[in-house]
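Please build the complete structure, drawing on both the sequences and the hints.
At position 286 of the sequence shown (counting the first as 1) the number is 286 in the UniProt record's numbering, and the numbers step up by one without a gap.
Hints listed in this document are in silico derivations from the structure and should not be mistaken for laboratory results. Just to be clear, a hint being listed does not mean it is correct.
[To be verified] With a cut-off of at most 25 Å between alpha-carbon atoms, the simulated SDA-like pairs for lysine to any residue come out as follows:
| no. | residue 1 | residue 2 |
| --- | --- | --- |
| 1 | Lys267 | Arg244 |
| 2 | Lys228 | Ala116 |
| 3 | Lys267 | Trp246 |
[Stated by the list, open to error] If you anchor each label on the Cβ, the simulated ranges turn out as follows:
| no. | residue 1 | residue 2 | range |
| --- | --- | --- | --- |
| 4 | Arg198 | His242 | 19 to 29 Å |
| 5 | Asp191 | Met84 | 53 to 63 Å |
| 6 | Arg252 | Leu61 | 42 to 52 Å |
| 7 | Ser143 | Ala224 | 31 to 41 Å |
| 8 | Ala257 | Trp227 | 34 to 44 Å |
| 9 | Leu79 | Arg252 | 47 to 57 Å |
| 10 | Val115 | Lys249 | 48 to 58 Å |
For glycine and all other residues, C-beta sits at the position ideal for the given N, C-alpha and C.
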Amino acid sequence: MSYVDSGQVPEDGNITSPIWAGEGPTAKRPKARPAEPSSTYAPVERVSLLSLLSHPRYRPLVRRAAIAIVAGVVVGFLLISWRMGLTAAVVAAIADTVVRARSNSTVPAWRRASVAERRTEAQLKSLERRGYRTLHARAIPDSDAQIDHLVVGPTGVYAVDSEKWDKRLPVRAQSHRKLFLGPFSQKARLDEARWEARRAAELIGAELGREIIIIPSLAIYGPAIPWKVLNVREVDVFDGGHVRKWITKRERSLTDAEITGIYEAAKRVLPPRYPESPDQSPPSRPARAEQVTSER
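So, in structure tokens, the structure goes:
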């Protein structure tokens with residue numbers, strides 16, 4: 001058996017050396033020592049500036065920088081002053097920051113269903129100081145229906161569905177039984193909102209062992225609404241900017257203990273529409289009638 005076969009390896013790794021290739025008794029053979037372990041560090045992956053800027057985390061910063069640059073260039077060119085252009089860029093960046101902060105949602109961006117829902121949620125935040133509790137994007141079990149905002153407070157329990165309609169089309173009603181967006185009837189949408197509130201009331205009531213009344217509503221953004229609040233097919237319809245007033249104008253009917261009980265029961269029987277992490281796919285939801293007609 002050769003020394004190569006014996007498992008011994010020279011320090012320099014050269015097994016072709018005459019000393020190691022031979023088998024003679026006069027060959028001087030140093031003791032072999034175990035090879036040093038290879039490095040466990042992975043090679044550093046280079047990240048390009050373009051890939052970094054395209055990352056979702058930095059997109060708001062890229063957009064803000066673009067807004068500031070455009071504002072600065074336009075103002076600086078019109079007023080022929082780089083100082084005024086710089087001032088305009090700073091003001092534009094600050095304004096964008098403020099607007100984005102006000103429209104920030106407790107629902108992560110990947111879950112958000114519509115701009116209308118975020119606008120309503122922003123209004124409802126201020127009601128928390130007055131004892132109101134709100135759940136957003138809650139699913140009705142065994143259906144594709146969703147309550148955009150369930151509000152529980154001193155004046156009662158409310159189901160608010162937020163809608164963004166085409167502002168170019170007029171909104172009109174007939175005899176408190178029909179609602180139209182331009183020529184398109186919204187009967188199906190009203191029936192859906194009424195059913196969502198009734199089904200949620202049944203589930204919460206069964207959980208608590210007593211009757212619960214939930215008032216359904218449509219908060220509409222976009223077109224002008226020619227009334228303050230109008231009840232159409234048992235659903236209150238109003239301009240989205242009046243959500244808080246619509247909720248707080250009523251008389252107190254619930255105690256703090258009742259508010260907490262209804263809120264906790266609603267959390268148990270109305271699961272979140274969206275999963276807890278973006279890796280999970282949220283259940284599909286069919287397009288609402290008014291969203292389809294507004295795009296025609």
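Results of checking the hints against the structure:
Among the hinted pairs, Lys267 with Arg244 is consistent with the structure: their alpha-carbon atoms are about 22 Å apart, no more than 25 Å. Restraint check for Lys228 and Ala116: the C-alpha separation of about 18 Å stays at or below 25 Å, so the hint holds. Between Lys267 and Trp246 the alpha-carbon distance is near 23 Å, which keeps this suggested pair within the 25 Å criterion. Taken as a hint, the range 19 to 29 Å holds for the pair Arg198 and His242, whose Cβ atoms sit roughly 23 Å apart.
For Asp191 and Met84, the Cβ-Cβ distance of about 56 Å falls inside the hinted range of 53 to 63 Å, so the restraint holds. Take Arg252 and Leu61: their Cβ atoms lie about 45 Å apart, and the range 42 to 52 Å holds. The hinted window of 31 to 41 Å between Ser143 and Ala224 holds, with their beta carbons roughly 33 Å apart. Distance hint check: the CB atoms of Ala257 and Trp227 are about 36 Å apart, consistent with the given range 34 to 44 Å.
Between Leu79 and Arg252 the beta carbons are some 56 Å apart, a value that agrees with the proposed interval 47 to 57 Å. About 26 Å separates the C-beta atoms of Val115 and Lys249, a value inconsistent with the hinted range of 48 to 58 Å.
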